[in-house]
Each structure stands twice: as C-alpha cells, then as structure tokens.
Amino acid sequence: MSWLAVTRDGVVLTLHIQPGAKKTEIVGPHGDALKIRLAAPPVDGKANAALIEFLAKKVGAGRTAVEVIGGQTSRTKRVRIGGVSAAELRALLQAKAPS
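Going left to right, the sequence shown walks through residues 1 to 99 as the numbering used here numbers them.
It is worth saying that the hints were derived from the structure and are not from the lab. Please note that the accuracy of each hint is not assured.
Claimed, not checked - DSSO-like cross-link-like pairs, simulated, lysine-lysine; straight-line CA separation at most 27 angstroms:
#1 LYS58 with LYS22
#2 LYS23 with LYS35
#3 LYS22 with LYS57
Using the sequences plus the hints, can you model the full thing?
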C-alpha cells in the first residue's frame with residue numbers, strides 16, 4: 001500500500017479526493033493514493049472538514065487525531081492519523097481498499 005506510511009506519531013495517508021460527489025465513501029487505490037469521494041463541496045474548507053470527520057469516524061478516533069498535513073487546496077492530500085497503527089488502519093479499510 002504505497003498510500004500508507006508509518007510514522008512515530010501514527011500513520012500518514014496519501015489521498016486523492018473527489019469533492020462534490022453524491023456520497024462520501026472510500027473508492028480504493030488510485031495510482032499511489034487512496035481515492036475518497038466526498039459529498040462536501042470544495043469551498044471554504046468544507047471538503048477538508050468533511051474528510052477529517054469521515055476518517056475520524058472510520059477509524060474510531062477523535063477529530064483531533066486526524067490532521068491534513070499537505071495539500072490543503074489540492075485534490076491530492078496527505079493526512080496524518082494519530083493513535084492508530086498501520087495494521088489497525090489496514091483492517092478498517094481493507095474491505096474498501098484492497099492492496
């Protein structure tokens with residue numbers, strides 16, 4: 001999974017975001033990124049806020065554990081999730097994002 005990197009603080013995901021979709025969902029691998037569709041529009045940070053909330057719920061973490069660390073205004077984003085191991089994250093996302 002080239003879209004997943006382990007750090008001492010947790011994991012970093014490389015994501016390809018499609019804002020303005022009909023529903024929010026994980027699509028699967030997209031090149032070297034994990035593709036996620038977001039129902040929120042890419043206006044005034046709404047898509048980033050929706051992404052943080054979606055990932056926090058998906059991994060069972062608080063919103064403060066999820067942080068966009070790169071690509072604030074880009075479709076390609078890097079997101080750090082603290083307090084979760086790579087193995088836990090793989091298990092949570094496996095059904096939607098096979099390697």
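Margin query: Check whether the Cα positions of LYS58 and LYS22 lie no farther apart than 27 angstroms.
Written below: Status holds; Cα separation ~18 angstroms.
Next item on the list: Would you mind confirming whether the straight-line C-alpha gap from LYS22 to LYS57 stays at or under 27 angstroms?
Entry: holds, 19 angstroms
Item checked: Agreement of LYS23 and LYS35 with the hint, judged by alpha carbon distance not exceeding 27 angstroms -> Roughly 13 angstroms between the alpha carbons, so the hint for LYS23 and LYS35 holds.
Every hint, counting from the list given before, is met by this structure.
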